[in-house]
Amino acid sequence: MSLYVKIKKAYDDFTLEAEFEAQNETMALLGASGCGKSLTLRCIAGITKPDEGLIVSDGVTLFDSRKGINLSPQRRRAGLLFQNYALFPNMTVEENVMAVLSKHGGSGSLRERYERLARNFYFDGLENHYPAQLSGGQQQRVALARIMASGPSLLMFDEPLSALDSYLRWQLEDELARTLEAFPGDALYVSHNRDEVIRLCGRVCVIDHGRFERARPTKELFESPETLASSLLSGCKNYSRAARLTDVTVRALDWDVDLECSKTVDAGISHIGVRSHYISIAPEDALTADGQTGTNMFRCRVLKVTEDVFSTIVDVCPLGTDPGHDFSRIRIELPKGAAGGAEEGVVVLAVIKPKDIMPLRPDLPITPDAKCDTI
Amino acid sequence: MSAMDLFPLYNSLRVASISTFITFFAGICAAHYIARAPKAVKGVLDCILTLPMVLPPTVVGFFLLKTIGPYGPVGSVVLDIWGFRLTMAWYSAIFATTAVTFPLMYRTVRGAFESFDRTLLYSAQTLGLSDTFIFWRITIPNCKQGILAGTVLAFARALGEFGATTMVTGYIPGRTATISTAVYQFWREGNDALAYKWVAVNLVISFLVLTTVNMLENRYDRPKRARAVLADKG
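First to last, the sequence lines map onto chains A and B. The numbering of the first sequence is my numbering, which starts it at 1 and goes up by one. The numbering of the second sequence is my numbering, which starts it at 1001 and goes up by one.
One side of the interface only, derived from the structure: several residues of chain B facing chain A at Cβ under 8 Å:
(1) Y1122
(2) Q1125
(3) T1126
(4) L1129
(5) P1141
(6) N1142
Hints were generated in silico from the structure; no laboratory data involved. Beta carbons: idealized from backbone N, C-alpha and C, even for Gly.
Could you build the full structure based on these sequences and the hints that come with them?
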């Protein structure tokens, strides 16, 4: 089982250029809203027609602009779970599932197949309920069962959890994980939520304004994002424009400080990022004897101290920079009680370990073969 | 009162029922096609189909007379081949009321189709359901309220149509008279007593139609509220 997608779709103010390959896995498409991730799913499902490109799923060509192949959504065997589940409101649970079951073959009578699904997805006893009578969790389970009834070779989830509150989210995420585990084919999971992606998906493709970065293991994205876009999506909060000084040092322009870096700094970098958990605070007397700051240690003025449930958030601004500038505000998250004497207005030392500095490129490297006609 | 000739009532109901039957299907078909048509086509067709709603009924009547009148391109052919006139008969009013009520049906249904949640349609397609099944079992039932509203509005408008009708049917007591042409005729003759009676009939019918619309709306609202409460508890 595999999925290959290389498509292009241009609108007046937006162009989607998707390219990725999934090999029997759950792949996440992660991106800010409006980046083209849902559009990609719609192109694969056959709801939207790409301008050009190729889509092959499980050995079947779904779309090939060169050969003029464009299968109807009905023939693509691509199950798509919509954010609102899209259960037919005029039909009961049973009618919803039966409508799909009766169009597709399977072992056993229709009744048996329905009951099997109802048991597997825990909605037996609800057959005469209308979708509006179901809770969010029940709706999702029925929608999943209905997709399974159509015998898909590919599963696609379009932000299935983003409309829910946090408690329900956990339950439903569990459900999805179970379904994904049991599913033999490929699955695509669209989200803008990094936590879901970490828990559910093995690999991730970051999409930035319609452009796909290369797919990589989910862990790698969060440990060392390469671009500003993927770093933003991975939840990193502190950035500075940066200039390379040597292979291991970089000048943080917005912070007005030179930093040492254990990752190689290559010429193409434009920014650095540091996670808020990886910055610590030292009192002023931690300075070396001659009053010089140590490695990756710089003076900051505390702007604000906020008590969160399990942590203390200290917003600082390096001395000599303008706190009104977005990048100059540095957010430090400390365990509760570890903020020491940090209070508004005092000067502290911010300390960052060289390994925690992430050099970032502005965007994807632009490859000359990024056009679809070179497939 | 006992002498009151009820033919106009009978004729009006007959004409309105038949023209509503026609606009029901024609309106749904037009709405279905135009809701998915490309933008340019949509704009032009929409203008043409809505025109009878904005034009004065007399203009619609004038066009009809020029088309189905004995010298018109359609009317003359029918007269030549089958030997009967399309104007000045009870059924002539069907042409007039259909033309005037069609835009009401078409526009209301198109509104319903366009506000219909398209993800239902897409999910049905990806689930392998045929387009015919989707149209009859998903689109139509979920647009039921718009379709019903359009139908009732078209029927009410057909009952009250005067301008175009009077131009193509004239007023022949016992043959082409409708409620609205009867009111006009009796007022012109100074027969206020009879005119009042037909006005009363008109009021009763309008009241019934509006009550029906309200009842339909309530019936479709109530189960939803009940369901919402249930879903909260469940």
